[in-house]
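Let the sequences and hints guide you as you build the complete structure.
There are 2 protein chains.
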Amino acid sequence: MSEGILNGVRVIEGSAFVAAPTAGMTLAQLGADVIRFDAPGGGLDWKRWPLTSSGESLFWSGLQKGKRSIEIDLRSDEGREQISQLITMPGEGNGIFMTNFPARGWMSYEKLKARREDLIMVVMTGNHDGSSEVDYTVNPSSGFPSAMGPRHSVVPTNSLMPAWDTIMGGLAVVGLLAALRHREATGEGQLVEIALSDVAFATVGHLGRIAEVQLEGTDPVPDGNYLYGAFGGDFLCRGDRRVMIVALTSRQWKALKVATETEEMFDAVAAATGHDFSDEAGRYLGRNLIRELLKPWFAQHTLDEIRASLAGTGVSWGPYQTFKQLVEEDPRCSEANPMFSMVEHPVGTYLTPASPLNFSVSGRVPAKPSPHLGEHTDEVLAELTSAGEQAAAP
Amino acid sequence: MSEGILNGVRVIEGSAFVAAPTAGMTLAQLGADVIRFDAPGGGLDWKRWPLTSSGESLFWSGLQKGKRSIEIDLRSDEGREQISQLITMPGEGNGIFMTNFPARGWMSYEKLKARREDLIMVVMTGNHDGSSEVDYTVNPSSGFPSAMGPRHSVVPTNSLMPAWDTIMGGLAVVGLLAALRHREATGEGQLVEIALSDVAFATVGHLGRIAEVQLEGTDPVPDGNYLYGAFGGDFLCRGDRRVMIVALTSRQWKALKVATETEEMFDAVAAATGHDFSDEAGRYLGRNLIRELLKPWFAQHTLDEIRASLAGTGVSWGPYQTFKQLVEEDPRCSEANPMFSMVEHPVGTYLTPASPLNFSVSGRVPAKPSPHLGEHTDEVLAELTSAGEQAAAP
Numbered sequence: 001m002s003e004g005i006l007n008g009v010r011v012i013e014g015s016a017f018v019a020a021p022t023a024g025m026t027l028a029q030l031g032a033d034v035i036r037f038d039a040p041g042g043g044l045d046w047k048r049w050p051l052t053s054s055g056e057s058l059f060w061s062g063l064q065k066g067k068r069s070i071e072i073d074l075r076s077d078e079g080r081e082q083i084s085q086l087i088t089m090p091g092e093g094n095g096i097f098m099t100n101f102p103a104r105g106w107m108s109y110e111k112l113k114a115r116r117e118d119l120i121m122v123v124m125t126g127n128h129d130g131s132s133e134v135d136y137t138v139n140p141s142s143g144f145p146s147a148m149g150p151r152h153s154v155v156p157t158n159s160l161m162p163a164w165d166t167i168m169g170g171l172a173v174v175g176l177l178a179a180l181r182h183r184e185a186t187g188e189g190q191l192v193e194i195a196l197s198d199v200a201f202a203t204v205g206h207l208g209r210i211a212e213v214q215l216e217g218t219d220p221v222p223d224g225n226y227l228y229g230a231f232g233g234d235f236l237c238r239g240d241r242r243v244m245i246v247a248l249t250s251r252q253w254k255a256l257k258v259a260t261e262t263e264e265m266f267d268a269v270a271a272a273t274g275h276d277f278s279d280e281a282g283r284y285l286g287r288n289l290i291r292e293l294l295k296p297w298f299a300q301h302t303l304d305e306i307r308a309s310l311a312g313t314g315v316s317w318g319p320y321q322t323f324k325q326l327v328e329e330d331p332r333c334s335e336a337n338p339m340f341s342m343v344e345h346p347v348g349t350y351l352t353p354a355s356p357l358n359f360s361v362s363g364r365v366p367a368k369p370s371p372h373l374g375e376h377t378d379e380v381l382a383e384l385t386s387a388g389e390q391a392a393a394p
Numbered sequence: 001m002s003e004g005i006l007n008g009v010r011v012i013e014g015s016a017f018v019a020a021p022t023a024g025m026t027l028a029q030l031g032a033d034v035i036r037f038d039a040p041g042g043g044l045d046w047k048r049w050p051l052t053s054s055g056e057s058l059f060w061s062g063l064q065k066g067k068r069s070i071e072i073d074l075r076s077d078e079g080r081e082q083i084s085q086l087i088t089m090p091g092e093g094n095g096i097f098m099t100n101f102p103a104r105g106w107m108s109y110e111k112l113k114a115r116r117e118d119l120i121m122v123v124m125t126g127n128h129d130g131s132s133e134v135d136y137t138v139n140p141s142s143g144f145p146s147a148m149g150p151r152h153s154v155v156p157t158n159s160l161m162p163a164w165d166t167i168m169g170g171l172a173v174v175g176l177l178a179a180l181r182h183r184e185a186t187g188e189g190q191l192v193e194i195a196l197s198d199v200a201f202a203t204v205g206h207l208g209r210i211a212e213v214q215l216e217g218t219d220p221v222p223d224g225n226y227l228y229g230a231f232g233g234d235f236l237c238r239g240d241r242r243v244m245i246v247a248l249t250s251r252q253w254k255a256l257k258v259a260t261e262t263e264e265m266f267d268a269v270a271a272a273t274g275h276d277f278s279d280e281a282g283r284y285l286g287r288n289l290i291r292e293l294l295k296p297w298f299a300q301h302t303l304d305e306i307r308a309s310l311a312g313t314g315v316s317w318g319p320y321q322t323f324k325q326l327v328e329e330d331p332r333c334s335e336a337n338p339m340f341s342m343v344e345h346p347v348g349t350y351l352t353p354a355s356p357l358n359f360s361v362s363g364r365v366p367a368k369p370s371p372h373l374g375e376h377t378d379e380v381l382a383e384l385t386s387a388g389e390q391a392a393a394p
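Going down the list, the protein sequences come from chains A and B.
Numbering follows the working numbering, with no gaps: position 150 of the first sequence is 150.
Numbering follows the working numbering, with no gaps: position 328 of the second sequence is 328.
Read the hints as simulated data drawn from the structure, not as lab findings.
Every value quoted in this text rests on a predicted model; they were computed, and no experiment measured them.
Here a beta-carbon is modelled for each residue, glycine too, at the ideal position from N, C-alpha and C.
Watch out, some of these pointers could steer you wrong.
Keeping only pairs whose Cα atoms sit at most 27 Å apart, straight-line, the calculated DSS-like set for lysine-lysine is [to be verified]:
(1) A:K47 <-> A:K295
(2) A:K295 <-> A:K254
(3) B:K295 <-> B:K254
(4) B:K257 <-> A:K47
(5) B:K324 <-> B:K368
(6) A:K257 <-> B:K47
(7) A:K254 <-> B:K368
(8) B:K47 <-> B:K295
(9) A:K47 <-> B:K254
(10) A:K295 <-> A:K257
To spell it out: a stretch of chain B is covered by chain A in this simulated footprint if at least three of its residues, at any positions, have a beta carbon under 8 Å from a beta carbon of chain A; those stretches are [said to hold, decoys possible]:
(11) 20 to 27
(12) 70 to 81
(13) 102 to 108
(14) 216 to 226
(15) 330 to 344
Pair by pair, the computed Cβ-Cβ distance ranges are [said to hold, decoys possible]:
(16) A:R115 <-> B:S76: 57 to 63 Å
(17) B:T52 <-> A:H372: 55 to 61 Å
(18) A:K295 <-> B:P346: 38 to 44 Å
Here is the structure:
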């Protein structure tokens, strides 16, 4: 069984909600020893929804899996001293702290660095000036909710998926690993900072949307489930299920026409109307017409029939699935997928993902359970005492 | 000026669309020398929207910034040999290949590894079995589109933001850096694999949604712009702008009541109706009522007035902004933010983000321009020739 590519790295995590816990969980899934500290009785996300019927948080369980959990009272001097010692514990793989808490006072980089010169500290904030912000307040400002959802909607559409938090969690790990590699080469530690709104607005820039405003003056409006800049749209099947069909490339467009037996029809319609379906811009501009012309084929077939018809054709498509349908119908979300296994957690036994990353030499750490809150308090404090005694030994 | 924490690392990128280009760009922003190869005349994403009025892709520009671009004809034996040599070039920081192309034939890990034993190769696929899939087909299957958008909508709501691609781009860099650290410690290279649907479905699991289905049998339905499991909702302001208001914590809820002068009203309504607004579950269950009771305050104030009223109060909120409003009104998306600078790209000069990661010792590489397609073909081939001559020298 793989111990993971980050075996030997220990990260102390002071966090709540999505971004920082995601970063810690990502590290734990790669084999790092991630120790999350919480106030006795649990932090701000201890009861975050979804909950079980008995009031346990499935959210907390999902994001703490594979970590060790300790309960420490940070309002006490003793608790602060314990966490400071833990963060700055001697040892090559130690001295790494990741947090989305305000990095002030005893928890500041300066104070902790004074105890371990080569400390690596990753601090996640809401905005680049250190002020706070959450995914649900950054997202409305990003521009995306105003450009998605039903056509002609006057109300913007929020995303249910906390994408910015999740992206920031990944980038925080990128920062941590880059800093660790630097420390291993030079002996130097450092402070790594990342802000949620920077992550969101940088992504807006990467995807060309800032340039579009500045160079073209345009501002996109909601366009339903159509793909932007190529053909893609949703279709209702016989039996009330829906599918998403995408034709980004010429090859996908050709495959779609062949599978739905609409090649001749599209040629005739192009000739009759002057529409040019031969490149992605033409297919984007003709997206309403294309969808209208394809609707009957989907309406005549059930999802199962469509699945069978499209298999191996090169058509790019996917079924719409609720979470329940995903879990109950999709073999990619089952133990047939080597990433997933059934794991017994304190809140119950459920299908649990390991890291999506698989390493041919270092392997993949099997999915691990989430801890009981405070499960490892005694164990970790004993390790701390033992490390202190070793350091004091003659 | 910082050369970046990954200065000295060279990554060859064979890619198109979002995920792999995002990974390469993330590396380039940290100072790696990222060389993207494309077919002469450009790859599949060379004209991806948004476009300028003269037909240049702002998408391509955004995702290739800071990279070197080479045009190589992969249908020719010479082109394949050049890319193989480039990927397996001698040198400590070399021998790293990242791709979302089918890793078959001459481009397989085995073939390339035969030329450089310690090769690191990161391969991004659609599904874990290697079959293809794009963000726009994975997302409908993830469950999120069926659980978001307007209440009572029978049509699912796609996200405009390619979240899965962007998350996978970050995780691919995590995998690459972990493998690089492993190689630097042991001399061993390896194949790192990651699949888009694994990234999506693992995230569904991390957020507790798989457990919710399996343990509770529930399947959430679209709930407009309400936050899940706590209070959060959108409000129309005087003058037609909208804001998102969030009260995840008790402190935020208290701040919201104080700022809107509704404390007494909420106490009276709680007493009269039996609603319990004192914890997040109670506020979630009472979200319609809470929003209704707060609406008048927002309707009476303009966005500017609300901005002024809420500043420094601890209320968690954000304005809805279109992409244009983000660029024109939000100081966080301007040169006032150290992450952003105006950069001259081949397609025009626009506000361009550097990495959201800032390193206190290694610094942050200033935002760089995107290349002209093939701008570095001659330069890179000359480096390859020179490396070959050095290797052949007695």
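Tested hints:
no., hint, result
1, A:K47 <-> A:K295, "violated (45 Å)"
2, A:K295 <-> A:K254, "holds (17 Å)"
3, B:K295 <-> B:K254, "holds (17 Å)"
4, B:K257 <-> A:K47, "holds (22 Å)"
5, B:K324 <-> B:K368, "holds (23 Å)"
6, A:K257 <-> B:K47, "holds (22 Å)"
7, A:K254 <-> B:K368, "violated (38 Å)"
8, B:K47 <-> B:K295, "violated (45 Å)"
9, A:K47 <-> B:K254, "holds (19 Å)"
10, A:K295 <-> A:K257, "holds (13 Å)"
11, 20 to 27, "holds (count 3)"
12, 70 to 81, "violated (count 0)"
13, 102 to 108, "violated (count 0)"
14, 216 to 226, "holds (count 7)"
15, 330 to 344, "holds (count 7)"
16, A:R115 <-> B:S76: 57 to 63 Å, "holds (59 Å)"
17, B:T52 <-> A:H372: 55 to 61 Å, "holds (56 Å)"
18, A:K295 <-> B:P346: 38 to 44 Å, "holds (41 Å)"
Comparing the model with each numbered hint stated earlier shows that hints 1, 7, 8, 12 and 13 do not hold.
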